[in-house]
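K.L.:
Below are the chains, spelled out letter by letter.
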Amino acid sequence: MKCDTCDKEATVHDTVLRDGAWVEVHCCEACAVNQGLAGPGHSLNELLTNFVLPQITGEKPKPKATKARSPTCTACGFTFEQFRQAGLLGCPECYAAFETLLLPLLERAHEGAAQHIGKVPRRLAESGPAKSELESARILAARREQVERERLLRRQLEDAVKSEQYELAARLRDQLQQLLQASAASRSH
Amino acid sequence: MTQRGEHPKDKRPLRKDEAGETPRGGKPEKPGSPRNGKEAAGGPDTNGGSSGGDPGSGGNFNGFATAEWLTNAGDASDVVLSSRVRLARNLSGHTFVHRASKEDRERALQICRDWILAANVCDRIMWVDLHESPAIERNLLVERHLISKQHAKGKAATSGGVATPAAEEPRAVAVSIPDERLSIMVNEEDHIRMQMLRAGLSLSDCWRDASAIDDKLEAGLDYAFTKKLGYLTACPTNVGTGMRMSVMLHLPALKVTGEIEKVKRAATDMNLAVRGFYGEGSDAVGDLYQISNQTTLGKPEGAVLADLQDSIIPEVIQYERHARNTLLSKRRSALEDQVFRALGALTHARLIAADESMQLLSLVRLGVVLGLIPELSVQTVNMLFLMVQPAHLQRVLGKEMDQEHRRIGRAAMIRARLTK
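As given, the protein sequences belong to chains A and B, one line each in that order.
In this note's numbering, each number is its position in the first sequence, counted from 1, plus 13.
In this note's numbering, each number is its position in the second sequence, counted from 1, plus 32.
Hints may be right or wrong, so weigh each one.
[Stated by the list, open to error] Dumping the calculated DSS-like pairs for lysine-lysine here, alpha-carbon to alpha-carbon at most 30 Å: (1) B:Lys294 <-> B:Lys260; (2) B:Lys248 <-> A:Lys175; (3) B:Lys185 <-> A:Lys175; (4) B:Lys248 <-> B:Lys181; (5) B:Lys187 <-> B:Lys287; (6) B:Lys431 <-> B:Lys181; (7) B:Lys134 <-> B:Lys294; (8) B:Lys181 <-> B:Lys287; (9) B:Lys134 <-> B:Lys181; (10) A:Lys175 <-> B:Lys296; (11) B:Lys287 <-> A:Lys175; (12) B:Lys296 <-> B:Lys181.
[What the hints assert, rightly or not] Far from chain A by the CB rule (all over 12 Å, computed), these chain B residues: (13) Gly106; (14) Ser124; (15) Val129; (16) Ile168; (17) Ser236; (18) Thr269; (19) Ala316; (20) Ser361; (21) Ala374; (22) Leu383; (23) Glu436.
Don't read these hints as lab results, they were simulated from the structure.
For every residue, glycine included, the Cβ atom is placed at its ideal position computed from N, Cα and C.
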């Protein structure tokens, strides 16, 4: 597969939220770093030269010209390293300062989500340029949730049948049917 | 940081009368309520003439019974003790609490205090400066679920500045009285953590009220918020809605049948947390479990509410009721034996620890809701869950005691209460 932005072979594959919609992205390493999809310093090349090859050839890896400093929040001076130790960020601005580093962490903690959906302070809601953006994100989240619930119900149903809890199984089957009907209805709109 | 509303900006510790409460005749009208540290120290005993000699006398006990979640039963009260919604908010342009110097914390505290007391969030509000309150007052608030353990202890700044003992770090709580439904912690992990606590299964009411109070606070406080990540919190696990919804459940039958493990597994699968009576890190003593959402980003409050209130929690309630009925129909004698042994131990013990009391009370509560002990009410047992805790017990008995004396006093208090 070719890279989305240049003609090289794509080696980084990811799904990102763009303008309220999930899109698949395929990039070569250089373009991935440029787009913030992969951090520099983790390339296969570097891994080979620094760790694998020295072990085979007995050569020492070349020391880097400058040691990379832990990313720092310009507003409060908190470093990402400090965050890793404390588990807490330094100030609200840290979210922007460490955006790309925090992203995988947020997705892990929040079922893959990286976009707020929900209450908005009134002062922002009233000025509301981002309403359509939020609306599309809301629909996407609802879909995701439906899929998740369906998966869960199926598993519970299996468990119930296995453990011969037929009354419960019947209830779960009805719930599942309802859910499937509802999702079919929402798709046809 | 914007700050609206006119309010005195003095730095004196706020007294109750300034906070909108008017004590009648100079005496706090709510015996047993936590008071500001300054007033409590050396102040008159407020427990209606407790001498400590008669630990079980009713007057002492009733003073604590004003919290709404204790006095009312609410929906599904056979299984659900209470529902809670918590919102985490921070001031924009301020460092988060753990990194703030003492001066920064004082500034944030004053901004929040001035607005919370001006914003008319409830009819009557009590303000407690925790850094000026004795430990026992703070523990009382923890036991009443009005502040977290961490907030009671305080947390020293993680870097720089002059080290202040954690307990003296500027922080506070505002509590609506007498119902104790609303509490707003200031300078906990986040600048503001407000909670609504109500009896029974009532998450939608809790959310409605919490959101309304949030609107009032937002009118005068500049919250840290971005469109992408929502309400910004010190810990990324709370970012987004900053909301945690939880329900306190009594699940003794599922414990007995071993099915509680299934519930826990299912909850974990659905990204829910299962915790004990006193939240994070606490054991499920007394078969009391809190189930709460963990995901705060990408899922609107209404969806979390619908999942918990209409689907997941009713399911757990049905499981527990089913297990109770099975016990009653298939193992009635064994069940009755356990319930009445527990009641026997509680009404005859002369020394008893808090955890053992909780375990026995759990069985008694089960007996009460199944109609085996008609002379006792669920509220009496719920209340005892709280009264056997160390700080409450010492408040009832009107003095500080070591563990040994607490056990004696606890046994006497329970006995008096259950055999009245």
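K.L.:
Each hint should be assessed against the structure and marked as holding or not.
P.N.:
Consistency of the hints with the structure:
no., hint, verdict
1, B:Lys294 <-> B:Lys260, "36 Å, violated"
2, B:Lys248 <-> A:Lys175, "52 Å, violated"
3, B:Lys185 <-> A:Lys175, "48 Å, violated"
4, B:Lys248 <-> B:Lys181, "27 Å, holds"
5, B:Lys187 <-> B:Lys287, "35 Å, violated"
6, B:Lys431 <-> B:Lys181, "22 Å, holds"
7, B:Lys134 <-> B:Lys294, "46 Å, violated"
8, B:Lys181 <-> B:Lys287, "26 Å, holds"
9, B:Lys134 <-> B:Lys181, "20 Å, holds"
10, A:Lys175 <-> B:Lys296, "19 Å, holds"
11, B:Lys287 <-> A:Lys175, "22 Å, holds"
12, B:Lys296 <-> B:Lys181, "24 Å, holds"
13, Gly106, "25 Å, holds"
14, Ser124, "6 Å, violated"
15, Val129, "9 Å, violated"
16, Ile168, "29 Å, holds"
17, Ser236, "15 Å, holds"
18, Thr269, "5 Å, violated"
19, Ala316, "23 Å, holds"
20, Ser361, "15 Å, holds"
21, Ala374, "30 Å, holds"
22, Leu383, "41 Å, holds"
23, Glu436, "39 Å, holds"
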